Amino acid sequence: MTIKTAYSTNPDPNRAAQELLDGVGRLDLRFVAFFASAAYAPDELGQALAQAFGQVPSIGCTTAGELVSGKMLKQSVVLVAFDAASLSAAHVSLAKDMKSEASVSAALDALGRAVGKPPSDLDPDHYVGMVLHDGLSVAEESVMSQLSARTNVPFVGGSAGDDVQFKRTQVFANFQPHAGASALALLEPVGRFTILKTQSFEVLDKVLEVTDVDEATRTVRSFNGKPAAEEYAAQLGISPAELSEHFGSHPVGLVVAGGEPYVRSPQRIDGTDVVFYCQVKAGMKLHILQSRDIVEQTRQDLDAKLQDFGPCGGIVNFHCILRTLELEAKGQCDAYGAVFERVPMVGFSTYGESYIGHINQTSTMLLLS
Amino acid sequence: MSGEVKRLIQELIRLRSKGKPSLEPFVRVHLMLNGIDPDQYTDESPSEPAVEETLRKMIADFRGASSDGANQ
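Protein sequences appear in the order of chains A and B. For the first sequence, the numbering used here assigns the number 1 to the initial residue and increments by one for each residue that follows. For the second sequence, the numbering used here assigns the number 1001 to the initial residue and increments by one for each residue that follows.
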């Protein structure tokens, strides 16, 4: 099986595309995924990659930083290529309007038609999905909820970034850039595959029940029947004025069976409301989390997964920008990159990760044998 | 009707699992991310029309996306 990764820091899209093609070599390609700095003009990059890679099915997106085995990069484009020995087939579709249920359904149905089965009949032991969203859409939850409602095939992915400018993010389907859209790929791996979602938090015994929320704007008005920011701060034993300084180290999580948190990261305080990077629902009981060392936790979780999974041919890593910012602040980027030196890996710093739903502050990875 | 939410959750899990117990955690997380905690509901839980409507839509959506949906 061959899964090849490549990267380029050449600012010229045509030269970068050629370097990527040279980097992966001449393979019988079935699928490529690429992640590019927003410094590249999306139209020019898409054209250059299409010229280099031809009709190979592909999805991609703009990023808030790129990852490739052993390195965390900026102002680059990274690419992973799968040959016929690693994927028997790959199919790509586009939900042109993420906010339209019909558009998302049509994109999923198109993938089903490509393999001759309705989405709910697709066997999750044989197929895996990859999904990339416009990261400024505030609509990822709706897309992920529909995908997870209509098929048992897990879709893993992330939300496009724009180098932390929060102005314009784009996804690519078959090298064509789109805004307000989600790019979907249905992959048929030849060998084994698995998903690893890792986050670096301890679950504390402090619970915030969502008692008033504007789900559409991801804004919580009250926790435990009290103004949201005041109650969040009180549970941490700090003043509301100090709360935002603790968002990175103490986000909240929806804890599922087995004690695993699905992290919901607070973004900012608006009066006494707390605005989140992903949706929370009325009635959710959210545990306050305590941060741990990202590098060490990632290493432990990856070691455990690889021990169970066996030889790994490649990893696609969807890595939250909040983790990247913390790694940068602590000078741990090289140490994080080193965790992946043993396996071909590409990924990017996201504006949110996708796995069953829209989540935050994880590294969510697709591993293939 | 008491216990209706639990019954619908069990129906959804049964429909989606298709004899594969490994799929149940996927469905349970999907429900939790949509604000429905399966463990909160018992046979005695009072009716919650909004939750029941959400669950019926999930069941209908999955059946609608299935080749044998008309027979389920």
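Read the hints as simulated data drawn from the structure, not as lab findings. Only a predicted model underlies this, so the values are computations on that prediction, with no experimental measurement involved. A hint or two may mislead.
Stated by the list, open to error - Cross-link-like lysine-lysine pairs, in silico, PhoX-like; alpha carbons within 25 Å at most: (1) A/96 / A/167; (2) A/117 / A/206; (3) B/1057 / A/197; (4) A/74 / A/99; (5) B/1018 / A/96; (6) A/281 / B/1020; (7) B/1006 / A/117; (8) A/305 / B/1057; (9) A/285 / B/1020; (10) A/285 / B/1006; (11) A/281 / B/1018; (12) B/1057 / B/1006; (13) B/1006 / A/96; (14) A/99 / B/1018; (15) B/1020 / A/74.
- Task: Starting from the hint list further up, note which numbers the structure goes against and sort them upward.
- Result: 2, 3, 4, 5, 6, 7, 8, 9, 11, 13, 14 and 15
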